[in-house]
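Number of protein chains: 2
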Amino acid sequence: MTNDLNKVLARIDQDLPDALDRLQDLLRIPSVSTDPAFASDVDRAAQWLVNDLNNLGFSARKDETPGHPMVVATGGAQDGAHLLFYGHYDVQPVDPLDLWNTDPFDPVIEDTANGKVIRARGASDDKGQLMTFVEACRAWLAVHGTLPVKLTFCMEGEEESGSPSLVPYLEANRDALRADLALICDTGLFDAQTPAITTMLRGLLGEEIIIHGPARDLHSGAFGGAAMNPARVLARILADLHDDQGRVTLPGFYDGVPELTDALRSQWDGLGFDADAFLGSVGLKHPAGEAGRSALEMIWSRPTCEINGMTAGYTGAGFKTVLPARASAKVSFRLVGSQNPQELRAAFRDFVRARIPADCRVEFIDHGASPASVMETSHPAFEAARAALSDEWPKPAAFVGAGGSIPIAGYFKSILGMDSMLIGFAKDDDQIHSPNEKYDLDSFHRGIRSWARIIDAVSRA
Amino acid sequence: MTNDLNKVLARIDQDLPDALDRLQDLLRIPSVSTDPAFASDVDRAAQWLVNDLNNLGFSARKDETPGHPMVVATGGAQDGAHLLFYGHYDVQPVDPLDLWNTDPFDPVIEDTANGKVIRARGASDDKGQLMTFVEACRAWLAVHGTLPVKLTFCMEGEEESGSPSLVPYLEANRDALRADLALICDTGLFDAQTPAITTMLRGLLGEEIIIHGPARDLHSGAFGGAAMNPARVLARILADLHDDQGRVTLPGFYDGVPELTDALRSQWDGLGFDADAFLGSVGLKHPAGEAGRSALEMIWSRPTCEINGMTAGYTGAGFKTVLPARASAKVSFRLVGSQNPQELRAAFRDFVRARIPADCRVEFIDHGASPASVMETSHPAFEAARAALSDEWPKPAAFVGAGGSIPIAGYFKSILGMDSMLIGFAKDDDQIHSPNEKYDLDSFHRGIRSWARIIDAVSRA
Numbered sequence: 228m229t230n231d232l233n234k235v236l237a238r239i240d241q242d243l244p245d246a247l248d249r250l251q252d253l254l255r256i257p258s259v260s261t262d263p264a265f266a267s268d269v270d271r272a273a274q275w276l277v278n279d280l281n282n283l284g285f286s287a288r289k290d291e292t293p294g295h296p297m298v299v300a301t302g303g304a305q306d307g308a309h310l311l312f313y314g315h316y317d318v319q320p321v322d323p324l325d326l327w328n329t330d331p332f333d334p335v336i337e338d339t340a341n342g343k344v345i346r347a348r349g350a351s352d353d354k355g356q357l358m359t360f361v362e363a364c365r366a367w368l369a370v371h372g373t374l375p376v377k378l379t380f381c382m383e384g385e386e387e388s389g390s391p392s393l394v395p396y397l398e399a400n401r402d403a404l405r406a407d408l409a410l411i412c413d414t415g416l417f418d419a420q421t422p423a424i425t426t427m428l429r430g431l432l433g434e435e436i437i438i439h440g441p442a443r444d445l446h447s448g449a450f451g452g453a454a455m456n457p458a459r460v461l462a463r464i465l466a467d468l469h470d471d472q473g474r475v476t477l478p479g480f481y482d483g484v485p486e487l488t489d490a491l492r493s494q495w496d497g498l499g500f501d502a503d504a505f506l507g508s509v510g511l512k513h514p515a516g517e518a519g520r521s522a523l524e525m526i527w528s529r530p531t532c533e534i535n536g537m538t539a540g541y542t543g544a545g546f547k548t549v550l551p552a553r554a555s556a557k558v559s560f561r562l563v564g565s566q567n568p569q570e571l572r573a574a575f576r577d578f579v580r581a582r583i584p585a586d587c588r589v590e591f592i593d594h595g596a597s598p599a600s601v602m603e604t605s606h607p608a609f610e611a612a613r614a615a616l617s618d619e620w621p622k623p624a625a626f627v628g629a630g631g632s633i634p635i636a637g638y639f640k641s642i643l644g645m646d647s648m649l650i651g652f653a654k655d656d657d658q659i660h661s662p663n664e665k666y667d668l669d670s671f672h673r674g675i676r677s678w679a680r681i682i683d684a685v686s687r688a
Numbered sequence: 228m229t230n231d232l233n234k235v236l237a238r239i240d241q242d243l244p245d246a247l248d249r250l251q252d253l254l255r256i257p258s259v260s261t262d263p264a265f266a267s268d269v270d271r272a273a274q275w276l277v278n279d280l281n282n283l284g285f286s287a288r289k290d291e292t293p294g295h296p297m298v299v300a301t302g303g304a305q306d307g308a309h310l311l312f313y314g315h316y317d318v319q320p321v322d323p324l325d326l327w328n329t330d331p332f333d334p335v336i337e338d339t340a341n342g343k344v345i346r347a348r349g350a351s352d353d354k355g356q357l358m359t360f361v362e363a364c365r366a367w368l369a370v371h372g373t374l375p376v377k378l379t380f381c382m383e384g385e386e387e388s389g390s391p392s393l394v395p396y397l398e399a400n401r402d403a404l405r406a407d408l409a410l411i412c413d414t415g416l417f418d419a420q421t422p423a424i425t426t427m428l429r430g431l432l433g434e435e436i437i438i439h440g441p442a443r444d445l446h447s448g449a450f451g452g453a454a455m456n457p458a459r460v461l462a463r464i465l466a467d468l469h470d471d472q473g474r475v476t477l478p479g480f481y482d483g484v485p486e487l488t489d490a491l492r493s494q495w496d497g498l499g500f501d502a503d504a505f506l507g508s509v510g511l512k513h514p515a516g517e518a519g520r521s522a523l524e525m526i527w528s529r530p531t532c533e534i535n536g537m538t539a540g541y542t543g544a545g546f547k548t549v550l551p552a553r554a555s556a557k558v559s560f561r562l563v564g565s566q567n568p569q570e571l572r573a574a575f576r577d578f579v580r581a582r583i584p585a586d587c588r589v590e591f592i593d594h595g596a597s598p599a600s601v602m603e604t605s606h607p608a609f610e611a612a613r614a615a616l617s618d619e620w621p622k623p624a625a626f627v628g629a630g631g632s633i634p635i636a637g638y639f640k641s642i643l644g645m646d647s648m649l650i651g652f653a654k655d656d657d658q659i660h661s662p663n664e665k666y667d668l669d670s671f672h673r674g675i676r677s678w679a680r681i682i683d684a685v686s687r688a
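Taken in sequence, the protein lines are chains X and B. Quick note on numbering: the first sequence equals residues 228 to 688 in my numbering. Quick note on numbering: the second sequence equals residues 228 to 688 in my numbering.
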């Protein structure tokens, strides 16, 4: 099949100018999903994809939802490996518009110190990325008339507005969507030379605690000393959440937190992650998590507890001698391995309640929970894809973690019973969600070639 | 002299309707000092007092300041005890006006379940109070043609707007204002039956700490675990400020904190202070300060540390997985005895700095400091005034503490070298600074009689 693949890669190189034109067409559609003013544009972007996929020979359609439509398409081989591809065609708003150097919906190709880029809202997140996969399919089809795998597309138009229709849609279309493996193209490279398959995504548990003390704000002169100050209670609780070694003190917190395998540790060591540069980019020097862990472990494979917000009393300019009636904090936990969010929520609430004195009461607000996603990398497609990526890029691909959450992989697992490979070609400096978003032409070109290789490799795995 | 006094008291009773008319005249002048729109009204109130005191035979004048004028007057006996009387003729703003049941500047006499009241802005704070003293003088002068003491008035028009001109004025007029003792009428009764002389006022030290961590707010997924969270640092610092016994942990904090004398403890025990009712009025049950101290000690004679405000990260509705770049708190200490505010500020800053990890830095904002005021109750006027008050009211007078700060007494001591007796007749339910402020007619009437007695008693002490 190597010869088959080589022809596809050559076709990709030859077709790159046209592929760029097509991406620019799609980028010109301002498919901002969160703003109702752009609803018809979001629909137009969906229709653009449907038309393009139909032209390629897929059977494509818009599936309406209460929000924006799903673009669904099927095609490729009649048997063999069945892959589901996920990307999203909606984009973030562009505000503040005055910080853009060009029209966010009039894409331009620019020369930069790091090579050519295509600059527009959605260039990286996620139109440029999803088109790498579409273009890889186009080249395969152009050269061979078919694909070596069976393929389903499921592309969303609400990813940037909280995906309200996604779970109901997946639940209502289990049978139609289920495949052997999902490919999700919404992540990044490890660095400009090193591709990555994200195999570990931390989960997230969000809680808000509101500690109520006196019936109203009090004058700290008249009542100070005698009246319980809920801000003091809150500070004690928050301080108690970590020990001196940076470990989270909730009972049972580390149940289900696995140690890295030797194989993964060795891959990560090989990445040459520059912790100094990573922290230095935000003005820091010292990894702040558990003693004895590397910065990479802290963000990829270790759980955390963070105070995301807290407030009590008077926070304006100057001073007010108020003894506040309430104090509140938003606290989140990043979860790994098989940590159970519901058990940890209960443990957290017990921990807090045990520290509420007689004259206070506590109120909890549930801000959601999702477990970590840990991919089944024993599936042969993972090593096949890793080898394929390693063939394309200057440095070998690695299985990496991600500190944040990408819920779609969890939904594919829990609703469709399907593992996901998260592969993408974005760079840290793509400025997604910010003004002047861009996607490197190198990401786009090698991205298309990467998918062509992966389709080939997975079909033979 | 008893006969002299009795005639004065009889005159006060007889003149009460006219005294009320005069108070209502003064209350009709909207002397809101903080709002420039009322500047001419503030001046008019000052002129009203000057005219009234001149009519009584005092030599009265407005002394201009960069802000509102001081009303200064001298008169009374040529020799003997020399007293300085302080009150303020400015008032708080009336907002929110829609919560008033009557026009705040159209005083009315109302019958209530607890007796007649005069309702208007400033009725209690402080026009009603200062007029108790003026009316006592009027009665003495009407009956005897003179006073048994030498008297200086110093009445301020900026008390409700931070007294910006007060200290420079006192410093520039040391010789003219210095007397044997100051009488300050801006405090309250212990309860409706029990008059009080406030002899201990807590001082106040205000500090703001701002802990800076990362150069910008971070995504808690991308950086959580590896990046230091300043909110966590702040929580630890604030939690460390108290031990498990409710004591403040700053080194040296209790230096200069005296134990109550047996005499004072005995007086306080005799007050029958109802801690349950005091805390119950604001929805609390348990004195929250140092273990083993009574609630009255906690608010009158023990120092405190309170968090008056704190903020970090996202505090709006919902949730945001932000790792904040900074966290800040406003912290104040109520001081007693001879605690040194400047030494404690330094101790606090050392305490905080010792808890700032390598990747954070701390910024401090000085929000002022004043030491506690502890009156020299050994001055014979104190016991004389206490006896005089005890003669007038149903229950004996007590020397009491006050949790809040009244800076004027400290200034009289530090600038004029003069002790102060703080005596007033306000009640806890007078709603000062709030809508529907009132002053009980009983406070006004007995207040005038109280001053007549005190002038008599001090003249013979």
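Just so you know, the hints here were simulated from the structure itself, not pulled from any lab data. You may find that some hints are simply not true.
Which copy? The list can't say, so a pair holds if one copy fits it or any two copies do.
[Stated by the list, open to error] Here are the simulated DSS-like pairs of lysine-lysine, each with C-alpha atoms no more than 27 Å apart in a straight line:
id : residue 1 : residue 2
1  : Lys377    : Lys547
2  : Lys234    : Lys622
3  : Lys547    : Lys654
4  : Lys343    : Lys512
5  : Lys622    : Lys640
6  : Lys547    : Lys640
7  : Lys512    : Lys289
8  : Lys622    : Lys289
9  : Lys547    : Lys512
10 : Lys622    : Lys547
11 : Lys289    : Lys377
12 : Lys234    : Lys640
13 : Lys343    : Lys234
14 : Lys289    : Lys343
15 : Lys377    : Lys512
16 : Lys343    : Lys654
17 : Lys343    : Lys622
18 : Lys377    : Lys622
19 : Lys343    : Lys547
20 : Lys289    : Lys547
Hint by hint, here is what the structure shows:
For the identical chains of this complex, lysine 377 and lysine 547 are neighbours neither inside a copy (67 Å) nor across copies (39 Å), given an alpha-carbon limit of 27 Å. In the homo-oligomer, the alpha carbons of lysine 234 and lysine 622 lie at most 27 Å apart inside one protomer (23 Å), although the nearest pairing across protomers, at 106 Å, exceeds that limit. Only between protomers do lysine 547 and lysine 654 lie at most 27 Å apart by alpha-carbon distance; the minimum there is 23 Å, versus 46 Å within a single protomer. When the C-alpha separation of lysine 343 and lysine 512 is checked against a cutoff of 27 Å, the pair qualifies neither within a copy, at 32 Å, nor between copies, at 69 Å.
Taking CA atoms no more than 27 Å apart as the test, lysine 622 paired with lysine 640 passes in neither setting, with 30 Å inside one copy and 78 Å between copies. Only between protomers do lysine 547 and lysine 640 lie at most 27 Å apart by alpha-carbon distance; the minimum there is 25 Å, versus 52 Å within a single protomer. Taking the shortest alpha-carbon separations for lysine 512 and lysine 289, neither the intra-copy value of 49 Å nor the inter-copy value of 63 Å comes in at or below 27 Å. When the C-alpha separation of lysine 622 and lysine 289 is checked against a cutoff of 27 Å, the pair qualifies neither within a copy, at 39 Å, nor between copies, at 86 Å.
When the C-alpha separation of lysine 547 and lysine 512 is checked against a cutoff of 27 Å, the pair qualifies only between copies, where the shortest distance is 25 Å, while the shortest distance within a copy is 36 Å. Proximity of lysine 622 and lysine 547 under a CA criterion of 27 Å is satisfied in neither setting, with 58 Å inside one chain copy and 35 Å between copies. Taking the shortest alpha-carbon separations for lysine 289 and lysine 377, only the intra-copy value of 20 Å comes in at or below 27 Å, while the best inter-copy value is 96 Å. Taking identical chains as interchangeable, the C-alpha atoms of lysine 234 and lysine 640 are never at most 27 Å apart, the minima being 35 Å within one chain and 96 Å between chains.
Only within a single protomer do lysine 343 and lysine 234 lie at most 27 Å apart by alpha-carbon distance; the minimum there is 25 Å, versus 101 Å between protomers. In the homo-oligomer, the alpha carbons of lysine 289 and lysine 343 never lie at most 27 Å apart, since the shortest distance is 33 Å inside one protomer and 78 Å across protomers. Taking CA atoms no more than 27 Å apart as the test, lysine 377 paired with lysine 512 passes in neither setting, with 48 Å inside one copy and 70 Å between copies. In this assembly of identical chains, lysine 343 and lysine 654 lie within 27 Å of each other by CA distance solely inside one copy; the values are 13 Å within and 77 Å between copies.
Taking the shortest alpha-carbon separations for lysine 343 and lysine 622, only the intra-copy value of 21 Å comes in at or below 27 Å, while the best inter-copy value is 90 Å. Taking the shortest Cα distances, lysine 377 and lysine 622 never come within 27 Å of each other, neither inside one copy (30 Å) nor across copies (96 Å). In this assembly of identical chains, lysine 343 and lysine 547 lie within 27 Å of each other by CA distance neither inside one copy nor across copies; the values are 55 Å within and 34 Å between. Taking the shortest Cα distances, lysine 289 and lysine 547 never come within 27 Å of each other, neither inside one copy (58 Å) nor across copies (32 Å).
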